[in-house]
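Engineer: Here is how the chains run, residue by residue.
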Amino acid sequence: MTAAAPIATKHKIFSPARVTAIASNTLLELVRLKVFYFLLLFALLIIGSSFFTSKFTFQEQFQVLKDVSLGAMSIFTWLLGVLATAMLLPKDIEDRTLYTILAKPVPRFEYLLGKFLGVLLLLFVAISLMTGVFLVILYARQQDALANAARLVPAQALQEQLADIRAATFNKNLLPGIVIIYLKSALCAALTLLLSTFASSSIFTIIMSVIVYLIGHIQAIAREAYLASQTTTALTKAFLAIVALLIPDLNSLTLVDDIVVGNAISTVLFVKTASLGLTYIGIYFLVGYFVFSAKEL
Amino acid sequence: MSTPAISIQNLTKVYPIPFKREKVTAVQDLSLTVEAGQVYGLLGPNGSGKSTTMKIVLGLVTPTSGRTEIFGRDSNTVESREDVGFLPENPYFYKYLTGAETLDFYGKLCGLSRAKIRDRSKELLKLVGLENAADRRLGGYSKGMLQRIGLAQAMIQEPRLLVLDEPTAGVDPAGSREIRDLILDFKQRGITVLLCSHLLEQVQEICDRVGILDHGVLIREGVLGDLISIENQTEIILENAPPELLAQIREMIGKSSGRLVAEHRPQKTLERYFLDVTGPKQS
Numbered sequence: 001m002t003a004a005a006p007i008a009t010k011h012k013i014f015s016p017a018r019v020t021a022i023a024s025n026t027l028l029e030l031v032r033l034k035v036f037y038f039l040l041l042f043a044l045l046i047i048g049s050s051f052f053t054s055k056f057t058f059q060e061q062f063q064v065l066k067d068v069s070l071g072a073m074s075i076f077t078w079l080l081g082v083l084a085t086a087m088l089l090p091k092d093i094e095d096r097t098l099y100t101i102l103a104k105p106v107p108r109f110e111y112l113l114g115k116f117l118g119v120l121l122l123l124f125v126a127i128s129l130m131t132g133v134f135l136v137i138l139y140a141r142q143q144d145a146l147a148n149a150a151r152l153v154p155a156q157a158l159q160e161q162l163a164d165i166r167a168a169t170f171n172k173n174l175l176p177g178i179v180i181i182y183l184k185s186a187l188c189a190a191l192t193l194l195l196s197t198f199a200s201s202s203i204f205t206i207i208m209s210v211i212v213y214l215i216g217h218i219q220a221i222a223r224e225a226y227l228a229s230q231t232t233t234a235l236t237k238a239f240l241a242i243v244a245l246l247i248p249d250l251n252s253l254t255l256v257d258d259i260v261v262g263n264a265i266s267t268v269l270f271v272k273t274a275s276l277g278l279t280y281i282g283i284y285f286l287v288g289y290f291v292f293s294a295k296e297l
Numbered sequence: 001m002s003t004p005a006i007s008i009q010n011l012t013k014v015y016p017i018p019f020k021r022e023k024v025t026a027v028q029d030l031s032l033t034v035e036a037g038q039v040y041g042l043l044g045p046n047g048s049g050k051s052t053t054m055k056i057v058l059g060l061v062t063p064t065s066g067r068t069e070i071f072g073r074d075s076n077t078v079e080s081r082e083d084v085g086f087l088p089e090n091p092y093f094y095k096y097l098t099g100a101e102t103l104d105f106y107g108k109l110c111g112l113s114r115a116k117i118r119d120r121s122k123e124l125l126k127l128v129g130l131e132n133a134a135d136r137r138l139g140g141y142s143k144g145m146l147q148r149i150g151l152a153q154a155m156i157q158e159p160r161l162l163v164l165d166e167p168t169a170g171v172d173p174a175g176s177r178e179i180r181d182l183i184l185d186f187k188q189r190g191i192t193v194l195l196c197s198h199l200l201e202q203v204q205e206i207c208d209r210v211g212i213l214d215h216g217v218l219i220r221e222g223v224l225g226d227l228i229s230i231e232n233q234t235e236i237i238l239e240n241a242p243p244e245l246l247a248q249i250r251e252m253i254g255k256s257s258g259r260l261v262a263e264h265r266p267q268k269t270l271e272r273y274f275l276d277v278t279g280p281k282q283s
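Protein chains in written order, with the numbering used here: chain A, 1 to 297; chain B, 1 to 283.
Honestly, the hints are just simulated from the structure, not real lab data.
Please read these numbers as outputs of a predicted model, since none were measured by experiment.
Hints may contain errors.
[Unchecked claim] Below are the SDA-like pairs computed for lysine to any residue, each with C-alpha atoms no more than 25 Å apart in a straight line:
no.	chain 1	residue 1	chain 2	residue 2
1	A	Lys-12	B	Ala-115
2	A	Lys-295	B	Ser-65
3	B	Lys-187	B	Arg-209
Modelling step: build the complete structure from the supplied sequences, incorporating the hints.
Structural biologist: So, in structure tokens, the structure goes:
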């Protein structure tokens, strides 16, 4: 008796089915690690912040609620993106699971893309759930404020007051702001994935990713301070230019401050900020792929 | 003549040592062929280059020079892996998946249809004796069960070549024998097996041909029986032989040019004895 011919279908250079299998498996892995428990912490944080602001005016209350909620969303999605991504590759290598996957007809590009898409899906689910919690609490506070106004404000000023309350709660800036928070966390995940392609452990990857995150937040201030100095050398300028090129200015990748103070977010600003995020995500992923494709396993 | 399952030609792999000018040669000018249908044992002490050779065959490591092929296809290409199933040493599959989900995942990676995955999973879970554990998460599997689900995932797309790295490492004697029997079953089905193992007794039981690596160099290679047989000695095992017959044989030997080297009662292996005393009791 001879071995049968392989039953697999003809090999495809790129197979969305294989990428989907890896992505959904990655999402399942992260979900079964019970990473969504942090949502309880998020809900407690924003409900708690609502109680402490009960003595403020409604504008101040909504401002603080948005500030705390969107700030917490930024931090939680960043943490989730970094921690979830940092363990993917080193763990697969350490457990030799990677060998069994790449010993199948799976190109390395598909493996890496599947892993990254799995993290992006996780971040999407997380930010959707947090947005849901945030909107429900914002709506509850708005109803509370509307009921108080109806009870306390004189009839001639009531309609104007109700309109002010509605304008201070929900506006069209919220969604673009949340999209940018998502893109920022995706960018940090892409950066962490890149670091994990040459790092030897998850801990190293996490530490490096946190350092780069901090550099990304302070680099603009540092650059301005150095360039303003009379003693700045050409070498320092070149170094700052390289840092600025490798790591985006993460302070510019947020619209939270504008949303909190009620500034209008123009389409141009949104597209510009989103493009910056998407460009860096693409670059980090591709560099990560080139490092990973040459990696000796 | 049929295409060899594995063809390795003048393979060399040199690893640079980071931050040093020195280099380590893991494999040096290795050439060997594994014919289709053979069980080939790749032996050698730790650090002899077995794992590196295996990884190059699987396309996980790029050779410094030389060429490896799987059924005539360059093993650097992803397509060549359609024909290969691999079980690494001490594998840890995704603990959060059940046995059936694990096979489903690997089946999808091989591009199998949903119906084919279902059929193959059922067949393989039965073959490796994990039908009753199909819906249990791998986190609760014993070492032997993990090795068996590992063999099942390696076989999911019906590959013509199986590469097994220490498939019985850390498994108890009964589990080890089950895995050995599975390998023999694969051989019966015509599947080529490349086996790396330190358990020489097991290699001797199942391999047709072996290659011995030392410091990255293939120092011996050939048909197992030819390599280990002692050319000028003959072994005769008698059952229920009376003392008179034995005396006659000794006398005949004394009169001939031959020499009686040893005379003793054959012993069963410790493994066989262990399995006899710990195996299922017959009523």
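Engineer: All hints, please: hold or fail.
Structural biologist: These are the hints, each one checked on the structure:
1. Of the supplied pair hints, the one linking Lys-12 of chain A and Ala-115 of chain B holds, its CA atoms being roughly 20 Å apart against a limit of 25 Å.
2. Restraint check for Lys-295 of chain A and Ser-65 of chain B: the C-alpha separation of about 17 Å stays at or below 25 Å, so the hint holds.
3. This hinted pair checks out: Lys-187 of chain B and Arg-209 of chain B have alpha carbons roughly 13 Å apart, not beyond 25 Å.
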